[in-house]
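Chains as they are written, first to last, in the working numbering: chain A, 374 to 739; chain B, -6 to 364; chain C, 14 to 335.
Some hints here could point you the wrong way.
Reference excerpt, derived from the structure (chain A facing chain B, CB under 10 angstroms, subset only) [stated by the list, open to error]:
| id | residue |
| --- | --- |
| 1 | Pro390 |
| 2 | Val402 |
| 3 | Gly424 |
| 4 | Val428 |
| 5 | Ser487 |
| 6 | Thr492 |
| 7 | Asn497 |
| 8 | Glu501 |
| 9 | Arg585 |
| 10 | Thr694 |
Okay, the calculated beta carbon distance ranges per label pair [stated by the list, open to error]:
| id | chain 1 | residue 1 | chain 2 | residue 2 | range |
| --- | --- | --- | --- | --- | --- |
| 11 | C | Ile45 | B | Glu361 | 56 to 62 angstroms |
| 12 | A | Gly502 | C | Leu315 | 36 to 42 angstroms |
| 13 | C | Leu315 | B | Asn20 | 48 to 54 angstroms |
| 14 | B | Ser162 | A | Ser466 | 45 to 51 angstroms |
From the derived model, a few chain B residues whose C-beta atoms are all more than 10 angstroms from chain A [unchecked claim]:
| id | residue |
| --- | --- |
| 15 | Asp19 |
| 16 | Gly220 |
| 17 | Glu361 |
Note that these hints are calculated values from the structure, not bench results. Glycine residues also receive a C-beta, built at the ideal position from the N, C-alpha and C atoms.
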Amino acid sequence: MSSSTAVTSRLTSGQAPKWLVPAIGLGAVVLGAALSALIGFSIGTWAIFAGLLFVIVAPLVVSMIEGRRKGADSFVRFLVYGAFIVALIPLVSVIWVVLSKGIPGLSMNLLSTSMRGVTGVHDNAAAEGAGPIYGGIYHAIIGTLEITLLATLISVPIGLLTSIYLVEYAKNGPLGKAITFFVDVMTGIPSIVAGLFAASFFALTTGDPSERTGLVAAVALSVLMIPTVVRNAEEMLRIVPNELREASYALGVRKWRTIVKVVIPTAISGIASGVTLAIARVIGETAPILVTAGFVTSINWNAFSGWMATLPTYIYYQIMTPTSPTAASISETRAWAAALVLIIIVMLLNLIARAIAKFFAPKTGR
Amino acid sequence: MKTKAFASAGSLAFVGLLAFTACGSDNATGEAGNSESGSGSESSVSGTLSGIGASSQQAAITAWESGFASANPDASVQYSPDGSGAGRKALLAGGADFAGSDAHLTEDEYQQSQDVCGPDGAMNIPVYISPIAVSFNLPGIDSLNLDAETIAKIFKGDIKKWNDEAIASQNEGVDLPDTNITVVHRSDDSGTTENFTEYLAAAAGDTWGQEPDGNWPSAYAGESNKGTSGVVDTTTSTEGAITYADASAVGDLGKVNVVVNGEPVELSPEAAAKTVEISDRVGVGNENDMSIDINRTPDEAGAYPIVLVSYHVVCSSYEDQATADLVKAYESYVVSEQGQQDAADAASSAPLTDALLEDAQKAIDSIEVAS
Amino acid sequence: MSISSDAPTGPSSPKSSRKELPDVGNPAADKIFSGISLAAGILILVVLAAVAIFLVAQALPVFTADSEDLSQGSFLKYIYPLVIGTLIASAIALLLATPVGIGVALYISHYAPKKISQAVGYVIDLLAAIPSVIFGAWGASVLAPKIVPFYDWLATYFGFIPIFEGPASQTGKTILTAGIVLGIMILPIITAMCREIFVQTPLLQQEAALGLGATRWEMIRMTVFPFARTGIVSSVMLALGRALGETMAVTLVLASGPLTASLIKSGNQTFASEIALNFPEAYGIRMSELIAAGLVLFVITLVVNVIARMITSRYKEFSGAN
């Protein structure tokens, strides 16, 4: 919080001395400690009191010296910094928990084998220290990657094209309004319903009631993914300045080419981040995967035939129904390691999306 | 410059991913696998058997999957723990070769099953017996004797303290603390809850006053958590908590010796299997059906009445020879002594008694191919 | 974003089109392209219609069934605690996440130094990508036990307010905790989307505001917010959609039970969690009941979205976008 000697204050006279805000910060920390000691000291209450004191007192002082407008400005600035810190605490905690619980289970063996043939007997032995922890998540990684990739391949083109239609073609027509509205409604489909829908859709079309493959799961995930993609891409396309489009039209460029060469590249960074969001929405789904792709312990490379396991179903069932009920901690270790791997995969996907975005994006000031 | 860095990071990640995907193995346990096993049984069956059903059997199924696969290298079994209801529904729709279920088929479902399973319909075969432990977290106390009446009152919330007279009178010499009782129950619909409430309704119906159901009665509030592991976690971390859970999962928690006919019965696989053996058959379905109406108030000594029986629901006839052979081979292994022992080792279940195994084998032998 | 940008006119057209003569494109392709994008839009409507038909067909038996077959005697009695529970949890999540999310987005776009903002932006994207099951596990194993003393404190000093009525849950698995976890989950969604939009605010407007002597806050209030208003609402709606339908996080964090007014006692239930918990063992009429619950959730989302549309259209005339 001490990093807040405002840049703007240099431009004006009658400003508060540079040391003032840090001094108030220090005072708030001390006073916060005293106050929290009154109701039973803890780090949490100390931080809360100190933060509150600072956010209230510092702007008051600034506004007394520099005027009301400056006071309001610094109040918002401290609030924004505060929001940032408040947001960081739980998020850092989540990452810390996953790292600290996930790393111990991470091994080459975990990454390169499936769960085929691993039974409670092996886990019991491992829990007693009589053997290594067998079993891995290789099959689940394959399943997650293939199903998510398929779902992305289905939903990104559909979603992106729809948002292009909404922004560039429909303008304010009734069809455009209807699509926008129903896309919003689509975000409210419970995930299990999407799974059941995909399962019965494939049961109807293939005539096989037990049709469970990676593809069915991908369709189910697409139902969940498309609205997120559309909503996001629409927003990003809308904020592309009209001047750019008009400049392109003025050069005689056709509309479709303007969209492909000007509008989309300008918005690509936002779209890419939206697609990552959409992937994140679905990559952790458990329920729809079960009813569409089943659950297996061995490797299946073919997303178009046979059951598949994914990391979320793997994690879920390792925790809910441990391989050995008497040595559940072994399954838990594997589950947390799988969770860590899942996050790493999402991170890599994010990196790739960003790289793509950077590659296509025009040079801007950002 | 930044573009380059990102692109190279991305491609590096991609290459890493590729490299990694190339070296996976299905041989998770590092054993030589197929070569040394399959000694006695002739491995004539091949193909993949699909089952859908209860998650309660999951740990046992894993053991059976690997035991069956090592005896029959060309065959494999896959099982999706969607739930009992989902499993039965899938079987009736022809979507699964067998279903795992915590409850046997109802009359209606049996009628329906005749459409896909031939005129004799589907059969329920008990394969997995798991005693349900009533366990509590009181430091220093390993076991307590409680009768059905008292258990019902505790879970209903009528008895609020551990040193209540009703508990103390059945446990002389135990130093009961003045701790509040926290009842922990399952938040999900489950076979465990269904069997536990069924026991309470049968053995202490007047006190309990609720119909048996897979959902905990909403009238009796308490802490809840999802799944067996969930309630065990909550109980372990809360002093004075009591819950009901699969006996294999309760670990170091104290266990209740259920008092039946004035005699406390200690929880053991044998005591659980005994209850199942002396229980009556329901008699739904064909003559080989083994649906069991569990006797919650056994007269014989040494029978532990709170047990969960999980079935494999199979068709009495299958469309093609290969599936019929596969089902027969797999289920025969499951109800063999070896299969039951494998499950007991892996999942700490209670092996079926010989009498039950014999009947089960007879039912399996009756499976045929639809003409 | 730094004010001293090297491209004062905002995003310029791609470099490539500057070098070569403009390739104006094939006129026929125009028709094809608009046709394809229209088809994609219609496909979405068709899928949604199919889902709706599927839901209604599966849920229908509930409305004609005997009352004793239903788990609570009547469907209404079954559904209203779920409606209330879901709305409470989502409302808590939005109340917490919206201000903080917008604050963090502002921090990234207008306050933080450029280098930090890029790193933070990346981290936020990453956090948005953490699967909900992990947030759920974190909430159940880390947050819930830690928050118990706070609930005790609330129950002691504010117990007279019905929503803080004691005795507080001793596991911390309450609807308030679920709301907090949901809030943390949707925070990155709001932030990621708001940031993208804040960054796109026309630089000229921002510089004009600063040039007239506005403080940074006044500049944000006068240029950024009007420009981003629909986008903010949109991101909040997207987040709300996720909060309403979130399954795993709530299932793991909330010790569900009957409806209670108190936020710090165990109890209450949400739609998605109810469906997930009971679906596996559901059969026959119970299954229809759960799917009907899904249908109601669907309708709630619809209503919420209608309201959001009304809000955005009210503000449209003030929007700074072109």
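Hints, verified against the model:
1. Pro390: Since the shortest Cβ distance to chain B is 39 angstroms, the answer is violated.
2. Val402: It is violated, given that the least Cβ distance between Val402/A and chain B is near 34 angstroms, above 10 angstroms.
3. Gly424: violated, 31 angstroms
4. Val428: violated, 35 angstroms
5. Ser487: holds, 5 angstroms
6. Thr492: With a minimum Cβ separation of about 4 angstroms from chain B (threshold 10 angstroms), the hint on Thr492/A holds.
7. Asn497: Constraint on Asn497/A satisfied, holds at 8 angstroms.
8. Glu501: violated, 13 angstroms
9. Arg585: holds, 8 angstroms
10. Thr694: At 4 angstroms from the nearest chain B Cβ, Thr694/A passes the 10 angstroms test, so the hint holds.
11. Ile45/C with Glu361/B: 56 to 62 angstroms: Holds - the Cβ-Cβ distance for Ile45/C and Glu361/B, about 59 angstroms, lies within 56 to 62 angstroms.
12. Gly502/A with Leu315/C: 36 to 42 angstroms: The hint (36 to 42 angstroms, Cβ to Cβ) is violated, given that Gly502/A and Leu315/C are roughly 56 angstroms apart.
13. Leu315/C with Asn20/B: 48 to 54 angstroms: holds, 51 angstroms
14. Ser162/B with Ser466/A: 45 to 51 angstroms: holds, 48 angstroms
15. Asp19: violated, 5 angstroms
16. Gly220: violated, 5 angstroms
17. Glu361: holds, 21 angstroms
Violated hints, in rising order: 1, 2, 3, 4, 8, 12, 15, 16; the structure is consistent with all others.
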